[in-house]
Structure formats: structure tokens, C-alpha cells
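Number of protein chains: 2
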Amino acid sequence: MLTLNQLSDKVTEYFNAEQFTGNPQQLFDPIAYTLAQGGKRIRPLLLLAANDLFGGDIEQARYAAIGIETFHNFTLLHDDLMDKSPVRRGKPTVYVKWDQNTAILSGDAMNILAFQYFLKTPHRNLHEILQTFQQTSMEICQGQQYDMNFEKRDDVTIPEYMEMIRLKTAVLLGGALKIGALYAEAAPSDTDAIYNFGINIGLAFQLRDDLLDAYGTLETFGKQPGTDIKDNKKTILFLKALQKGSPAQRQQLNALFATTPDDPTQKIKQVLDIYAQLDIRKEVETSIAELHNNAMKNLDSIARPESDKQPLQQIANKLLNRLI
Amino acid sequence: MLTLNQLSDKVTEYFNAEQFTGNPQQLFDPIAYTLAQGGKRIRPLLLLAANDLFGGDIEQARYAAIGIETFHNFTLLHDDLMDKSPVRRGKPTVYVKWDQNTAILSGDAMNILAFQYFLKTPHRNLHEILQTFQQTSMEICQGQQYDMNFEKRDDVTIPEYMEMIRLKTAVLLGGALKIGALYAEAAPSDTDAIYNFGINIGLAFQLRDDLLDAYGTLETFGKQPGTDIKDNKKTILFLKALQKGSPAQRQQLNALFATTPDDPTQKIKQVLDIYAQLDIRKEVETSIAELHNNAMKNLDSIARPESDKQPLQQIANKLLNRLI
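As you go down the protein sequences, you meet chains A and G in turn.
What the first sequence shows, in the numbering used here, is residues 176 to 499, in sequence order.
What the second sequence shows, in the numbering used here, is residues 176 to 499, in sequence order.
Think of the hints as simulated: they come from the structure by calculation, not from any bench.
Among these hints, one or two may not hold up.
When chains are identical, the list treats them as one kind, so a pair holds in a single copy or across two.
[To be verified] In silico DSBU-like cross-links for lysine-lysine, where the CA-CA straight-line distance does not exceed 35 Å:
no., residue 1, residue 2
1, LYS457, LYS442
2, LYS493, LYS272
3, LYS259, LYS444
4, LYS472, LYS398
5, LYS493, LYS408
6, LYS444, LYS408
7, LYS409, LYS419
8, LYS259, LYS409
9, LYS405, LYS259
Just need the whole structure built from these sequences, with the hints factored in.
And the structure:
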């Protein structure tokens, strides 16, 4: 069994060994640029951790770990273009640094490259591994489309929101874990349990992200807090406030979310005031704790020594207890 | 053995049985719209024809045939956005009918959907089939990038052009044939031969397309002839004329290809005059005949009865002898 640090080192080692180069350079430069930004690389880490938990040969899962991170970064590359986000991880995004067509085509190539990585290592479970990867990939597109649809709707429900973040965020964590387990030839009940662990962690992770946007600092969150409010994004906080609020509070919230003032300071303050009146922060914290708890139950159901589960518990704690 | 008509009917039958629907509708509607336009569906036809030539069970190759056409249409969808082409097969393209983000995301989903089709049928050659499909997919991205690069260069050579069209067009014909052969468990020498047959046909097909743009009619070509000249596209005709022309003719051609007049009639006439002076049309016809001849040699090398090769010969003839 590897420790969390050892697993992290493996991820770093595997990525450092890859070049992401090819011809023509104009196609591959944006791919190498995107993957060089690093990021948390949480998905390959989960994949290797699950593989190790079930006693797999971690080298067999090596290229799947690279493939899943390549796929994740492809979705970010195209999302940044669709959302017109100029900066990611402190650097200009691909469509800004190069141009729109480069972002489209290099993204397409990254999607295909992710697959090629998965095909590098023959394995008796490869068919099921690829099916899991493909289903997950499609679900992420579905989640992104729901997210785009929600921007134009003012009647989004909390269950709809939870389903959207399940597709857009949680399934790739669940998929990474399941794929790691499949490389280790884990029992079906265990691959299901580790997948559900990932779904619960993923949902809680996104709720934590919504909270941090409202209550984090630039240092702890890495982004300017209040951006969701400024951009009128219907996060869990907004939806819960709409649900709990009085007619007057609902009207006030909807009115605030129909504006985009040049200086959003006052707007952010007013929205946070309503959230405070309704105790929204505490409610979302409770939801996160429940999801975290469900995730731990998923882990409990797996018949492996408690000590072997430590890396996954540590990753969950890191993701869900990010400081505000 | 099936006749060409029977193979065509199979392609139609298989496509008519697919719905291409899913949720959210906004993601899948553009996919169904694109695939409902039909087109020649030459790639699934080649895939099934190769499968049948080598005695395969054609039903096993069914979803690969749908997958390869889905992939091809994904590339058209994204290419139309990158090239800002408003019309395809007489209908508005996806980014025009919907919007740019829809074209990006639905295209991504189509790329993934193509893969999902390939995963539907387990097969002992599936790993090699997927590797062939993936390599082909990546090569098409490379070809598209070279094509985009060439627009900004004025020193493109004929070998570079041939390599670009090999990647952008020919490999998907070769790949379709090879995949059909792999489903039939053909011998490696045969899968190579049928792949090369596809490459030669694909190269000749693109040269025929270049010729038709200059010498076809709206009826036979389906597009307004002279578009490549109007758009200053460096086709094989232009590159051969540059190569063969006197310094004065070269200068004249380059000058003409630096203009974009509102009414291109005169420009098209002047360019065609230079092509006529240099006998370019005949030269390209000769290249097509050579490639066609090479393709027939590839087919000859395959140890199957001559009569069984008829459907592939007929497809090649149809593609390469399109009327001017």
C-alpha cells in the first residue's frame, strides 16, 4: 500500500515522463501548455488510490491516470472557450493565447489523445474500463449542456441543480475511482461502492466550491470571491435562499440577480445579507457533511483493512474541508 | 457476398434504426439534425464492403459503421464552425442554426458518441479496431491543422499538400476499410492492402474534388464551381500551376490569389486561363488515374475471388469518375 504522498509522487512522476508533443506543433503546443499548468490532478490521484486500495499493479493504471487528466483538461479547454473565461490557473486560456479555432481543434485532439492513453495498456477489463470512461465523458457533456440551459431559466429546482453537478463534476471523480478499481479487478460490489464514494465526494466538492465563492478569500479560494453572485450564477446558495426566503426576499434576490453593475461590491453585500438572514451557509455546510458522511459509508462497505482506506479518506478531507 | 446495392441498403437500414436522441435535447438535437442530412455515407459503406469481402458477419460491424459516420460528421460539424461555412448539404450548419457553443459541445458529444458505438459490440480484435479508429481520428485533426496552417503559408509544396489530404481525407477511408477487415479477422497482409486501397482512393477522391471545383457544374458537383479560386485555396491545381508556370505566370497567379473581388467571375476566368495554358487539368487527371491504378493493384494483391471485389471496384469508380 502506498501513502497519499507516495501516490501524489506517482502522479507527478507519470506526468513528468510525458511530452505531449507531436506534429504539427500548432496542434500539440496548446495541449502541452494546458497540461503543464498542473492543477490539483485529483482525478489521476483518485484513480491510482482506488487501484492501490484493491491491490492492483499501479503501473497498469498509469496511462489511464494520464488519460483521465487529459480528458478533464480537454473539457476545461472547451468550457473556457464556451464561457469566454480569459484566465485559468493564473495563465491566459488557450483561445486567448492562440485563437478560437486553435482551442476547438486542439481540444478535439486532446479528447482523442485521452482515448489513446486508455488504449496503451491491454487489460482483461479494458472493454468495461472504456465503457465507463465513455459513459462518463458523455455525462460530462450532458452536465455542461444542463449548466448552459440553466443560465437561461429562472425555475431551476434544487434536485435539477444536484443532477447537473452530478453530471458535470461528480461522475468524473466516480469514474476515475471505478476505473482504478477495474484495473485492480475489484469485485463489482466494490467498484460500485467506490464509484458512489466518488459521486458523494464530487457533489460535496461542488457545494464546497459554491460556498467558497461566497465566503472564501482570494488566498484560500484562488479566485476572486463573489464571482458567482456578480455573474448571477444559480448556485446551491441562491437556490436554497429562493426556496427558504419570504416572498419579499425572493423578489429582492431575483431583482439583484437581474443586474450586472460595474462595481458589484454593493450587490454582493446585499445578496450575502439575505443568505445570512436565511442561514444558508449553515444549511449548505450540513448538506456537505451529509454527503461526506455518505461517502464514508460507501468506503466502510468495502471489505479492505481500515488503514488501507486512509489515502482516500485524506483526499476526501482535503477536498471537503478546504478552509474558508 | 452482397452486391453494392445490398450493401447500400444495409447502411440505410442501420441508420434508419438509430434515433440519436437523448437528454438534454439541446445537446442531442444538433447531432440528430447533422446525421439526418444523409450525405453519401461512403465510409460506413466501405467498412461493410471490406467486412463482406473478407467473409465477416456484417451484423458485427454494424455499430462500427454507424460510429465511423458519426465521427466523420463530428469533424464536418466542427470544421464548418472553424471555416465559418454557413451551409452544408443545402441546409444551415449547426453553428448557424443554433449557435457557436452548441456546435462546440454537440460536436464533442458526437466524438464521444462515435466511440460509444464502437464499444457496443465485443470482438476479439476490438483493441486493434479501437487503436485503428483512434489513430485515424488523431490524424484527421493533424490534417485539419495542416490545412489551416497552409492558408497562412505561400510556400506549400506538392508533397506537403498530398500529405495533408492523406491525413485530412484519405486515412478515414483507409481506416473504415481496415476496421471492416478487422471485424472479419482478415490476415494482416490483407488489412494492410485494403487500408492502402483506401488511401489511394482517398487521395484520388480529393484530387477529383479539386478538379470538380474548377471544371464541374453546380448540378454535377453540388457546389458552386470556382469556390476554391474565389477563396484563394491552394489546391493541387494551383500548386501544379505554380510549379510548372513561367516566372510571369507564377507572378500572375500569386497576384490573383492575393485578391478577393466582390464579383469573382473575372478572377476565376483568368486563373482557369493559366491552368489551360499549362495543361493542368490533364496533369491532375493523370495523377488521379495513377492513384486509381495503384488502388486496383492493392485490390489485386488480396487473395479473394475477383467477383467478390466488385462492390469495392464499383465504389472506387463512382468516387473517381464523377462527371465533369
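Within, between, both or neither, where LYS444 and LYS408 count as close if Cα-Cα is 35 Å or less: within (16 Å within a copy, 56 Å between copies)
Identical-chain pair category, LYS457 with LYS442, by Cα at 35 Å: So LYS457 and LYS442 pass the 35 Å test inside one copy only (21 Å; across, 71 Å).
35 Å Cα threshold - placement of LYS398 relative to LYS472: within (32 Å within a copy, 62 Å between copies)
Intra- versus inter-subunit Cα pairing at 35 Å for LYS259 with LYS444: Answer is within: at 26 Å inside a copy they meet the 35 Å cutoff, but 43 Å across does not.
Identical-chain pair category, LYS493 with LYS408, by Cα at 35 Å: Close inside one copy (25 Å), not across copies (54 Å); limit 35 Å.
Within, between, both or neither: LYS409, LYS419 at alpha-carbon 35 Å: within (15 Å within a copy, 63 Å between copies)
Intra/inter-copy verdict for LYS493 and LYS272 if alpha-carbon distance must be at most 35 Å: within (32 Å within a copy, 45 Å between copies)
Copy assignment of LYS259 with LYS409, given that the CA separation must stay at most 35 Å: both (18 Å within a copy, 33 Å between copies)
Within, between, both or neither: LYS405, LYS259 at alpha-carbon 35 Å: both (15 Å within a copy, 33 Å between copies)
Hint compliance for this structure: every hint is met.
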